[in-house]
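**Q** Here's the letter readout for the chains.
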Amino acid sequence: MITKRFFLFALLALVALALSACSASATNSNWPGLAADSNAAYLANGTQVIAVRLSDRADLWKYPQKADSKKVFYASPVILPDGRLLIGSAGSDHCLYVLDPTKISADTKEPAATCIFSSDQDRWIASPLVVDNTVYAPNNDGNLYAVNLTSGELLWSLKIGSGGHLWSAPITDGKTLFLSSLDHNVYAIDIATHTIAWAADLKGSVSGSPALSADGKTLYVGSFNSKAFALNTATGKIIWQADTKNWVWGTPAVQGSTVYFADLDGQIYAFDAQTGKQVWDVQPDGPITANPLLMEDRIVVVSESGSVSALGQDGKSAWANTYSTTGKIYTTPVAAGDLVLVAPYGDKITLIALDKDGKQVWTYPPATQ
Amino acid sequence: MWDTFIIQPMTNLLLWIYLLLGHGPQMFGVAIILFTILIRAITWPLNAQQLKGAQAMQELQNDKEWQEIQKKYAKDREKLAQEQMRIYQEKGISPFASCLPTLIQFPIIIGLYQSIIHALASTPLSLLQLGRSIYPFLSVESIIPLNSKFLWMDLGRPESVLMFGFAVPTLAVIVAATTYVQSKLTMPTSSNPGDQAAAMSGMMSIYMPLLLGYFALTFASGLSVYFVTSNVLGIVQYATMGKANWRNLLPGGNKQQNVSARKK
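Top to bottom, those sequences are chains A and B. 1 is the number of the first residue of the first sequence in the numbering used here; add one for each residue after it. 1001 is the number of the first residue of the second sequence in the numbering used here; add one for each residue after it.
Derived from the structure by calculation, the hints contain no laboratory data. A quick note: this is a predicted structure, and the numbers were derived from the prediction, not measured. Just so you know, not all the hints are guaranteed correct.
Okay, derived cross-link-like pairs now, EDC-like style, lysine to aspartate or glutamate, Cα gap no bigger than 16 Å in a straight line [what the hints assert, rightly or not]: (1) 175(A) - 190(A); (2) 1072(B) - 1090(B); (3) 227(A) - 1141(B); (4) 62(A) - 107(A); (5) 175(A) - 215(A); (6) 227(A) - 243(A); (7) 245(A) - 1141(B); (8) 203(A) - 1076(B); (9) 1071(B) - 1083(B).
So here's chain B without its partners, still in its complex pose (with noise of 0.2 Å):
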């Protein structure tokens, strides 16, 4: 069921943008890249509506009947649910809209590191089987075997740069950066203390770094050519749409930013 309706689809599509870029030497990264913005070319639609609800999420947090009913029924968690919901359905807040693009990332990211390994086909067995999965239309004779080189990287393997005899692992800091960069941008600002979207959001942004980092340190590059690609485009997105907190970039940020809110 996953292959056939995930792994498959997803590979014949990575090897038929692959197809049209003449399968030559680096093209499968330039395949790999193209992909990650079609995938974010399908998202779009669903990153803006991520950036609204956070948003919209965040401005409750300031709004006073919000933070009255906090108070209110503080000790009564039942009453409080409900309340909060009312305030959801009059606002026309989804609090779950936010959380749709993340879940999205995961089948993608899943589903894009088997095809890479799919396609890469690293053993006899392997290729055999990527010679059943390829769709009639694309001419399988031509397109194997792929070319797994990109730039300095080896697709299919962790990439690391030898430097001063150590073996570095670059693609791993670039991921983990971008991640970090991405993650901050998107920031929500809160006056409120007890604000647990910016709490959320704060938390996001340390550990969604370690993890994608430590994904590009374990798994093949080809992965991490996806998640800095995503990532560049994410940022684009953002500061496109204006929501980019280009200040969070800075020591201190955020907090100078929660001062200027309340002293407004």
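Pulled out of the complex, with its shape left as it was, chain A reads as follows (with noise of 0.2 Å):
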């Protein structure tokens, strides 16, 4: 009787820990957004904020201090004109967080942390996108907010379409908002009377925002239909669309005449902006879930392979290596002075500086740590 109940209660507790561990690996399941100003690397990765001075790599803040399971970040942070630091939490606790890294507490050694805004309903993947002093943070819950920066009222929120899975940030040309949806279309809003002005469906989820010409008046933006898109971002019409090889998962980058798409076949693309005819295509390496980095003449691009590759604007390499022994590298590199940043995942190093060479800098944190 006492092995037979000993023998049940070891079962049950098993599925209770086996249970237990798949929902404890959630706070740390997906890549760190990244961003970075003249001064540090801000990092998203996963349970805390990071913030590494860029010179000596050393560790600045971070928060919060000590892991809280209610806060997980994801999404990039906003760098705010005053240097603070906007991001929402991918947590239970639904906050948009304004860290003010002047104000760095002698106790906990974190910036102070204010809750600007609190979503009832859902988390927020996507970063947000500040204009003047209004803040627009599409949540996972399908609605559009718009929260005043400064005192965190509500100034209004949307619900796009269906609602759910707002997983982008959005761009603006000043009067109308452009946001992706993983409900597979591309919404326009007008920003002054806050309703939709048009919805494009692309036959697939849209995961990357979209990129806008430099006249505004061309959206690119690619969808898991293995499609390039260009609309118009006055009626929302399809200009022009091209096949891709898988889907395209993040946000295409514009250069002159020239748009740049990536895959998850790992392809590059280059289409002509105005007609859609390919150009070029090249396939670096892996998989690509980040967008292309612009960096005067070159397109670094980053794999999920953990190679960095840097191509000519004829898609021949100049350079490519693989800095990352066992992680992948799913993040946009971001360009910081001098330096091109890359956010490894599922590596002990979580953060790797270039030069405009492709040759090593630094790694965070450094081997000795």
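Fit the two chains together into the complex; they arrive one by one in their own frames, and the hints show the way.
**A** Here's what the structure looks like:
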């Protein structure tokens, strides 16, 4: 009887443990978000936002200092003009935080943090957009919230489509917000009336933000339908569409008359921005979720294989190297002064700084830590 | 290995049902219910075997020869075990037959929980992984994103209903209640005060509702939908087989039966 009872309890404990293990891993179950200014890199690394000084990779601060299961950060922080940071939590607190690095607590060593707005319903996967003093924040509950940055007052909210799954930051031309949704649509929202001006069905989820042409007339965006699109910003009508070999995950990059898309097959495509005619395509390495980074005359791309490559405008390789031995790179690289910052996922090294020629300058944390 | 043979097939089966249902609002919850019915149908023979095994074990507790060897070899455990095995063989009873369906439940619970979390893809990385694990015959572009809403629940998160300013975990209560009812209905009645099977069932009828209620409280509500559906189907199965002891639900019902059994 005692053996049976022990066996039963051991089995139940095992199931409880297995289920708990599944949910516990959720706190760090996405690639990090990354942003940088001329002084520091800001890494949203799951349980913490970490500030690293660029000149000597020193820890400036961490928020929170001790991991809190309610606070989870994946989205790239938005750096405000005054140096404060705005970031949404993907944890159960549903908070949009403003972090002030000029006010570091002597006690906790954390920057002053203010939850300026909290969604009752769901998490913040996407980065917000800040225009003047208004925060436009898409939430996973399917609503776009407009919030006063200073007071945290909710100015308006708008349910987007059938609701749910807003995972990318909106962009704007000053009058209209353009927002992607996993519900297969790209939406144009009139800021003045906060109503949906148009919705374009792209027949597949849209996970990356759209990119705007220099004249503001065309919107470039890719979808899980394995297609690249150019849309008319006034009407949402498709100007051109081109096939890709796999899902387009990230945001395309526009430079002059060319627009660059990357897909999960690892292909980089250069299309004529006006006509959609393919100029070239190359496959530097593994699947690409990150946006291509434009640096002067080069296009820097990172892949799930852990490699970083730089291509010339003709598609020819300028340099390529694998810096992360165990990690994968999904996060969009960021340019900071003369450095290119790369954030691997699943690696002991969480941040790598390269120079413009791909030479490794430093890694964070340093090997001795 | 676990992913390839358990999680991936389960996820694809769930998504296939979801696709058949038109992948609209509410349909992922319906897909979980249909998935549970399918699992119950597959394990029906095992459950029937469990019931028969439990009944045979219960009858054995009242068998004179069984009771005699308990007394005779009370101090010689080795000999007692040998005699017990002999009686099991003579009567064609497998003492572990009643454990099998319970054991099968656990990998299903773990697998289903992981499949629900996997299918609902709450982060970009999990969505990326989901896209790769869907079998080619399913139209992945049209399935994603899954609609996680079902009735008042978000199937990817623990459930609670706001009542008078308090978050009340109604589904956890329903899970615990249906588990209690199911285990009470199948609880053996026995006139033997030292009946181990009855004591074990009594213990299970207390701990299992608490444990599953805790799971419902803590984990994704999609798992709770599975628990409730499975419990209701179990109750229906026992009732249709004529094995349900409805009196057990009444306070002191089991004791009354024992008394009446002794009088006979």
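**Q** Starting from the hint list further up, note which numbers the structure goes against and sort them upward.
**A** Hints 2, 8 are the ones this structure does not satisfy, whereas the remaining hints hold.
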